[in-house]
Amino acid sequence: MDRWVGRVALVTGMSSGIGRAIAKSLVCHGMKVVGCSRNMNRMKELVDSLDCEKGSLTPIMCDVSKEGQIQAMFEQIRSQLGGVDVCVNNAGLSHDAPLLTGATEQCRNMMEVHEVSINPTEQP
Numbered sequence: 003m004d005r006w007v008g009r010v011a012l013v014t015g016m017s018s019g020i021g022r023a024i025a026k027s028l029v030c031h032g033m034k035v036v037g038c039s040r041n042m043n044r045m046k047e048l049v050d051s052l053d054c055e056k057g058s059l060t061p062i063m064c065d066v067s068k069e070g071q072i073q074a075m076f077e078q079i080r081s082q083l084g085g086v087d088v089c090v091n092n093a094g095l096s097h098d099a100p101l102l103t104g105a106t107e108q109c110r111n112m113m114e115v116h117e118v119s120i121n122p123t124e125q126p
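In terms of this note's numbering, the sequence shown opens at residue 3 and continues consecutively.
If you're looking for bench data, these hints aren't it; they were derived computationally from the structure. Just so you know, even glycine gets a beta-carbon here, dropped at the ideal spot from N, CA and C. Don't take each hint at face value.
[Stated by the list, open to error] Quick list of the computed label-pair ranges, beta carbon to beta carbon:
(1) H31 / Q71: 26 to 34 Å
(2) M3 / K46: 21 to 29 Å
(3) Q82 / E47: 33 to 41 Å
(4) C54 / P100: 41 to 49 Å
(5) H31 / T106: 39 to 47 Å
(6) T106 / M3: 39 to 47 Å
(7) L83 / M42: 29 to 37 Å
Please model the complete structure; the sequences and the hints are all you need to start from.
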């Protein structure tokens, strides 16, 4: 992991679960992590808990189903950190509804979040 010290990683879906664990591990290994999520409070809790670690964590509120928010996030990353070296596209959600008989709005929302593809070499 030493070759990644000081490099920038973007972790989507960083406020909980796997995304939170990955972000924490990368910060502990010395990376500059940008975490994005719709839940700023949960991200700030993690930032505070990692205050004395080797790397850093910058939280950005972003709904990855909204193209404008993705573009604004990448612009902020570009201006503050220069770009992204590693992208962990972890954002996802589910609704407690059957796929075939549930509300189509819930299905569309789930698909939009899961279809987001962020290629750090072709940032918006």
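Going through the hints against the structure:
1. For H31 and Q71, the Cβ-Cβ distance of about 28 Å falls inside the hinted range of 26 to 34 Å, so the restraint holds.
2. Distance hint check: the CB atoms of M3 and K46 are about 25 Å apart, consistent with the given range 21 to 29 Å.
3. A hinted range of 33 to 41 Å is violated for the C-beta pair Q82 and E47, which are about 21 Å apart.
4. At roughly 46 Å, the beta-carbon separation of C54 and P100 lies within the given 41 to 49 Å, and the hint holds.
5. Checking the proposed 39 to 47 Å range against H31 and T106 shows it holds: the Cβ atoms sit about 42 Å from each other.
6. The supplied range of 39 to 47 Å is met by T106 and M3, whose beta-carbon atoms lie about 44 Å from each other.
7. Roughly 19 Å separates the CB atoms of L83 and M42, a value that falls outside the hinted 29 to 37 Å.
The structure is inconsistent with the numbered hints 3, 7, although it conforms to all the rest.
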